[in-house]
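K.L.:
Sequence:
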Amino acid sequence: PLFDPESNKIWLVESVYSVIEVKTKLTPTTLRDSIDKCQKFKKMNRKYFPDHVNQRINDSLFIIWGFESAKTETFYKNYKELIKDIPIEEQPDFVICPSQFLVTGGSYRKLQTQGQPGSAHDMSHNTADVDPMEQFLRTQSTACLELNENSLITLIAWLSAWLQAAGDRTTMLGQYTVNEKNIGQRVF
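Numbering of the sequence shown is given in the numbering used here, commencing with residue 1 and proceeding in unit increments.
None of these hints come from the bench; they were simulated from the model.
None of these values were measured; they are calculated from a predicted model.
Ideal Cβ positions, reconstructed from N, Cα and C, are used throughout, including at glycine.
Accuracy of the hints is not assured; some may be wrong.
As the list claims (entries may be wrong) - Simulated pairs of lysine to aspartate or glutamate, EDC-like, Cα-Cα distance not exceeding 20 Å:
1. LYS40 to GLU21
2. LYS23 to GLU146
3. LYS23 to ASP33
4. LYS84 to GLU73
Unchecked claim - Derived Cβ-Cβ restraints for the label pairs, each shown as a range:
5. LYS77 to GLU149: 21 to 27 Å
6. ASN54 to GLU149: 32 to 38 Å
7. TYR17 to LEU152: 15 to 21 Å
8. LYS77 to THR170: 21 to 27 Å
9. GLN164 to THR30: 29 to 35 Å
10. ALA157 to LYS84: 27 to 33 Å
11. VAL187 to ILE156: 48 to 54 Å
12. GLN185 to GLU81: 41 to 47 Å
13. LYS80 to VAL187: 57 to 63 Å
14. LYS47 to LEU145: 19 to 25 Å
15. ASN54 to ASP85: 33 to 39 Å
16. SER99 to ARG32: 18 to 24 Å
17. GLN185 to GLN164: 22 to 28 Å
Could you build the full structure based on these sequences and the hints that come with them?
P.N.:
What follows is the structure, encoded as structure tokens:
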């Protein structure tokens, strides 16, 4: 926390752009643990400053990084089974095993395939003249790319683009005060 007295903890989750959960090996057990943490993180209440013009994305990314994994097909089958009942907004945005694969999903994939709400890209998915391949991709909540040694540079490129698009972030600190208590008094 930014400040941690007994009665008032200040965690500025609005300032967090991304969380990376690191695992030695990506197994169904370690994935379940990471997905549970992701859901808790994604559900955290964020109190962004409503009139901040430079903030364009109201989300934080959750990345699972594993140094080792089963074969890509086996991993992806297990992963899809673990997330099948989880809302897209609570799913990890990336899962990477740098020497094997990169998975996109969650809010990142939704933004990537549909665009910002109300944008031209978002509005175009309701029109009849959408390319069939693009329409198919929009229906897929995850994508697994077997990029081998190129997995990490691809993640860095996509993450850098997302961070640039996210813009500045500001919170309304007054919303963190405990209103039921006397928060102090002027002494002099």
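K.L.:
Each hint needs a verdict: does it hold in this structure or not?
P.N.:
Hint-by-hint comparison with the structure:
no.: 1; hint: LYS40 to GLU21; in the structure: holds (13 Å)
no.: 2; hint: LYS23 to GLU146; in the structure: holds (19 Å)
no.: 3; hint: LYS23 to ASP33; in the structure: holds (10 Å)
no.: 4; hint: LYS84 to GLU73; in the structure: holds (16 Å)
no.: 5; hint: LYS77 to GLU149: 21 to 27 Å; in the structure: holds (23 Å)
no.: 6; hint: ASN54 to GLU149: 32 to 38 Å; in the structure: holds (36 Å)
no.: 7; hint: TYR17 to LEU152: 15 to 21 Å; in the structure: holds (18 Å)
no.: 8; hint: LYS77 to THR170: 21 to 27 Å; in the structure: violated (42 Å)
no.: 9; hint: GLN164 to THR30: 29 to 35 Å; in the structure: holds (31 Å)
no.: 10; hint: ALA157 to LYS84: 27 to 33 Å; in the structure: holds (29 Å)
no.: 11; hint: VAL187 to ILE156: 48 to 54 Å; in the structure: holds (51 Å)
no.: 12; hint: GLN185 to GLU81: 41 to 47 Å; in the structure: violated (57 Å)
no.: 13; hint: LYS80 to VAL187: 57 to 63 Å; in the structure: holds (60 Å)
no.: 14; hint: LYS47 to LEU145: 19 to 25 Å; in the structure: violated (35 Å)
no.: 15; hint: ASN54 to ASP85: 33 to 39 Å; in the structure: holds (36 Å)
no.: 16; hint: SER99 to ARG32: 18 to 24 Å; in the structure: holds (23 Å)
no.: 17; hint: GLN185 to GLN164: 22 to 28 Å; in the structure: violated (45 Å)
Of the numbered hints listed earlier, those contradicted by the structure are 8, 12, 14 and 17.
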